[in-house]
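*Asks:* What follows is the residue order along each chain.
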Amino acid sequence: MASAPAVSIPSSLLPLQIEGLVKRFGEVTAVNGITLELKSGECLGLLGPNGAGKTTLIRSIVGRIVPDAGTVSIFGERADSSAARMALGWVPQELALYWALTCRENLESFGQFHGLRRAALKSAVEWCLDWAALTDRAQEPVKNLSGGMRRRLNMAAGLIHRPQVILMDEPTVGVDPQARNRIFEMIEKLSGEGISMIYTTHYMEEAERLCDRIAIIDHGRIIALGTRDELVRNAFASRSEVLARFTNADAAVAAWVKERGGILENGIARFTIVHATEIAELLDAAAKAGHELADISLRKPNLESVFLHLTGRELRD
Amino acid sequence: MRTALIALRRDRGALALSFILPIGFFTIFAVIFGGRHDTMPKVSLLVVDEDHSATSQSLIRGLEREGSLSVKARPAPKQGVEQPEYTAATAEAAVKAGVASVALIVPHGFGENPISFGGANGPTIQLLKDSSDMVAPQVIAGLLQKVAMTSMPDVMAEQGSKYMDEYAGGFTPEQKKRIDAGLEALRRRDSAENSAQPTAPADPNRADPNRGMPIPVTTRDVVGENKNNGMVSYYAAAVSVMFLLFTASSAGGTLLDEAENGTLDRVLSSRVTMGTLMAGKLCYCVLLAFSQLVVMFVWAWLVFKVDLISHIPGFVVIGLSTAFAVGALGMLLASICRTRAQLGPLSTLVILTMSSIGGSMFPRYFMPEAIQKVGLLTINAWAIDGFTKIFWRDEPVSHLWPQVAVLLGVGVALFAIARRLARRWVYS
Chain A
308 MASAPAVSIP SSLLPLQIEG LVKRFGEVTA VNGITLELKS GECLGLLGPN
358 GAGKTTLIRS IVGRIVPDAG TVSIFGERAD SSAARMALGW VPQELALYWA
408 LTCRENLESF GQFHGLRRAA LKSAVEWCLD WAALTDRAQE PVKNLSGGMR
458 RRLNMAAGLI HRPQVILMDE PTVGVDPQAR NRIFEMIEKL SGEGISMIYT
508 THYMEEAERL CDRIAIIDHG RIIALGTRDE LVRNAFASRS EVLARFTNAD
558 AAVAAWVKER GGILENGIAR FTIVHATEIA ELLDAAAKAG HELADISLRK
608 PNLESVFLHL TGRELRD
Chain B
1360 MRTALIALRR DRGALALSFI LPIGFFTIFA VIFGGRHDTM PKVSLLVVDE
1410 DHSATSQSLI RGLEREGSLS VKARPAPKQG VEQPEYTAAT AEAAVKAGVA
1460 SVALIVPHGF GENPISFGGA NGPTIQLLKD SSDMVAPQVI AGLLQKVAMT
1510 SMPDVMAEQG SKYMDEYAGG FTPEQKKRID AGLEALRRRD SAENSAQPTA
1560 PADPNRADPN RGMPIPVTTR DVVGENKNNG MVSYYAAAVS VMFLLFTASS
1610 AGGTLLDEAE NGTLDRVLSS RVTMGTLMAG KLCYCVLLAF SQLVVMFVWA
1660 WLVFKVDLIS HIPGFVVIGL STAFAVGALG MLLASICRTR AQLGPLSTLV
1710 ILTMSSIGGS MFPRYFMPEA IQKVGLLTIN AWAIDGFTKI FWRDEPVSHL
1760 WPQVAVLLGV GVALFAIARR LARRWVYS
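For the protein sequence lines, the chains are A and B, in the order given. Residues 308 to 624 (my numbering) are what the first sequence spells out, left to right. Residues 1360 to 1787 (my numbering) are what the second sequence spells out, left to right.
Rather than coming from a laboratory, the hints here were simulated on the basis of the structure. Please note that a few of the clues may not be correct.
[Unchecked claim] Dumping the calculated EDC-like pairs for lysine to aspartate or glutamate here, alpha-carbon to alpha-carbon at most 20 Å:
#1 Lys450(A) <-> Asp1580(B)
#2 Lys1455(B) <-> Asp1580(B)
#3 Lys346(A) <-> Glu566(A)
#4 Lys450(A) <-> Asp1616(B)
#5 Lys450(A) <-> Asp1753(B)
#6 Lys1505(B) <-> Glu1533(B)
#7 Lys496(A) <-> Asp536(A)
#8 Lys565(A) <-> Asp519(A)
#9 Lys1664(B) <-> Glu1533(B)
[Unchecked claim] Among the chain A residues that face chain B by a calculated CB cut under 8 Å, a handful are:
#10 Gly333
#11 Ala386
#12 Ala390
#13 Arg392
#14 Trp397
#15 Leu404
#16 Ala407
#17 Leu408
#18 Thr409
#19 Phe420
#20 Arg424
#21 Asp557
#22 Asn573
#23 Phe578
In this text, a Cβ means the ideal position worked out from N, Cα and C, and glycines have one as well.
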């Protein structure tokens, strides 16, 4: 980064440590006993479908939700302490900006809320504008910006106080592919500078591209944690995945797929195999059962396969 | 239409207020203007009897019997101790202080020659008035003449005989000459009136108030005697306070906007606490409200000649106190509501109610006594009283302490409640 961070933190402490976090909303348990550690300079992905508890977890870390149980510490400090607040940056999912203010005025305001003044504030604003590629739109009110620019400004506002730990809550929601790539580049730049990050998404590709480790979260629990390869290996070992599409995916097909140990989702059956020869056996069995195949393919399992394997549901439910 | 109706039905607060607002407001006006006659306000009248004659006492007793008057010869007891009767000086001071709008001073020698049709032959009753009250002095002037006719029949008979004896006894040449002169004077006056009426209607304020009246009265403005702007300063304050309330409510509503668009969460995740944030919002409301007051009074000064320049210290003191109180109310209204949609009707209901009973729409002395007392629960009433003290009564800044204390106290209390209610935003 262009200038020194706003706070100095002992390097021996973990940037973020969560122990047994529980949050209930009435009958619904949004976060159900999550324990998690974020290592220094790491980008940890929280991957899960909508409603899995990702945002509740993020809001608990940032102190906007009081958990029913568990603790959160930032570099060993309680999450609601002043030191933790200064070390933590939060990019909320919604565009939390002042729409009548310009880009520069927004950044100045959020900088002041974090205690930045004069030269430090000016330097931080310039860095943020540059990082978000908004320098030439600095005097533009937010309401006149494109969706992608607003997203970038929303991210920049969360980084104005130069935090060492950043929580990004689905920063690419509603952004077109081109603008999304730009955001990826911004995040990769942060990672390159050693910033520790938690990145929530329900897009497998984002997690695979940006994150060093990935925590798969569902129904408020972390059901798997590791690098992308670890997750796939743990779920599938050396097996591959066969995707078979039937011309008539009726109840009989569903029963047949289940009998063969596969999962039928949206008319596509998924099977895991160890040897390629199993494909021929599968085709033969389908023909004998009278189920006509439209096409069949073999692929290496990915994060989506892992999620389906672990939950029986697709990631984008 | 269907979608609008569904949206309205689901916002219970907005739905209820949509119907409560007009009913509530109608009820207030109905109570103020359509109430029973026994709830209508009595006109306060201070009397000073310097004559202590049977005639003067008879006149005062007659005034006391009038149901529409509240006649006071002495101030209310203080700590159970009876206070001395008003004198001409203390009665004048009391009118200046706003204790009553009118004082009657019955002078020495009044009893000897109480009636004088068409002109004063002896000491005349003095009517001291606060000209900001346009009703009470006229009511009392009229009732005085009526009471003179009804409560002093013996005096009237005696005076009639005296006049007959003086003007008609024997019809000597001298008497004839005086009667003729009197008649000629009456004829000239009638003739002048008839010729003047079509082109220049008589100004009731300039006409001789004693013309044709049995009791001669000298009227004197003791408050606002050198002012030519009548009710302008009153309404500058009254209207300002009402609009200040709307401004403060709208400014307080930014808290709801920020809660709805997520910036409040973001701010609260920084170093800024809810207390600091609300204090900042309050400062903004106060600054905005005070600026609005300044603009209003500068306009009143430039266009309507309200004497702002010589009252700047008092204006600043009462203006800031008022701005603080309305700012705190704006914060409270925003803290009570969940959405902007709820804030609109609620603030309209509260502000119009406060403004109507607090004197922003019409002076409180028009209202029944009970409503006048309820009006003291409003910011409007105290603020308007403060501005009236400054601009109408020319009172020093030190006399503003009751209004300032109430406005600041109310502001602190409302802000404390607002801060308490805002705790719901601190954590989800």
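*Asks:* Taking 8 Å as the limit, does the beta-carbon of Arg392(A) come near enough to a beta-carbon in chain B?
*Replies:* Nearest chain B Cβ about 6 Å off; hint holds.
*Asks:* Taking only the CA atoms, is the gap from Lys496(A) to Asp536(A) under or equal to 20 Å?
*Replies:* violated, 23 Å
*Asks:* Would the hint on Ala390(A) stand, with a C-beta cut-off of 8 Å toward chain B?
*Replies:* Status violated, d = 11 Å.
*Asks:* So, Leu408(A) near chain B? Judge it on the closest CB pair being under 8 Å.
*Replies:* With a closest approach of 10 Å, the Leu408(A) hint is violated.
*Asks:* Does the closest beta carbon of chain B sit nearer than 8 Å to the beta carbon of Phe420(A)?
*Replies:* This interface hint holds because 4 Å falls under the 8 Å limit.
*Asks:* Holds or violated: Lys346(A) with Glu566(A), Cα cutoff 20 Å?
*Replies:* violated, 43 Å
*Asks:* Identify whether the interface hint at Trp397(A) stands, where standing means a beta carbon of chain B within less than 8 Å of its own.
*Replies:* holds, 5 Å
*Asks:* Decide if the proposed pair is consistent with the structure: Lys1664(B) and Glu1533(B), CA atoms, cutoff 20 Å inclusive.
*Replies:* violated, 55 Å
*Asks:* What's the verdict on Lys1505(B) and Glu1533(B), does the C-alpha distance respect the 20 Å limit or exceed it?
*Replies:* Status violated; Cα separation ~33 Å.
*Asks:* Can you verify the interface hint for Leu404(A): is its Cβ closer than 8 Å to any Cβ in chain B?
*Replies:* holds, 7 Å
*Asks:* For a C-alpha distance cap of 20 Å, please report whether Lys450(A) and Asp1580(B) respect it.
*Replies:* Roughly 59 Å between the alpha carbons, so the hint for Lys450(A) and Asp1580(B) is violated.
*Asks:* Per the CB criterion, is Gly333(A) less than 8 Å away from chain B?
*Replies:* This interface hint is violated because 13 Å lies over the 8 Å limit.
In summary, the numbered hints that this structure violates are 1, 3, 5, 6, 7, 8, 9, 10, 11, 12, 16, 17, 18, 20, 21, 22 and 23.
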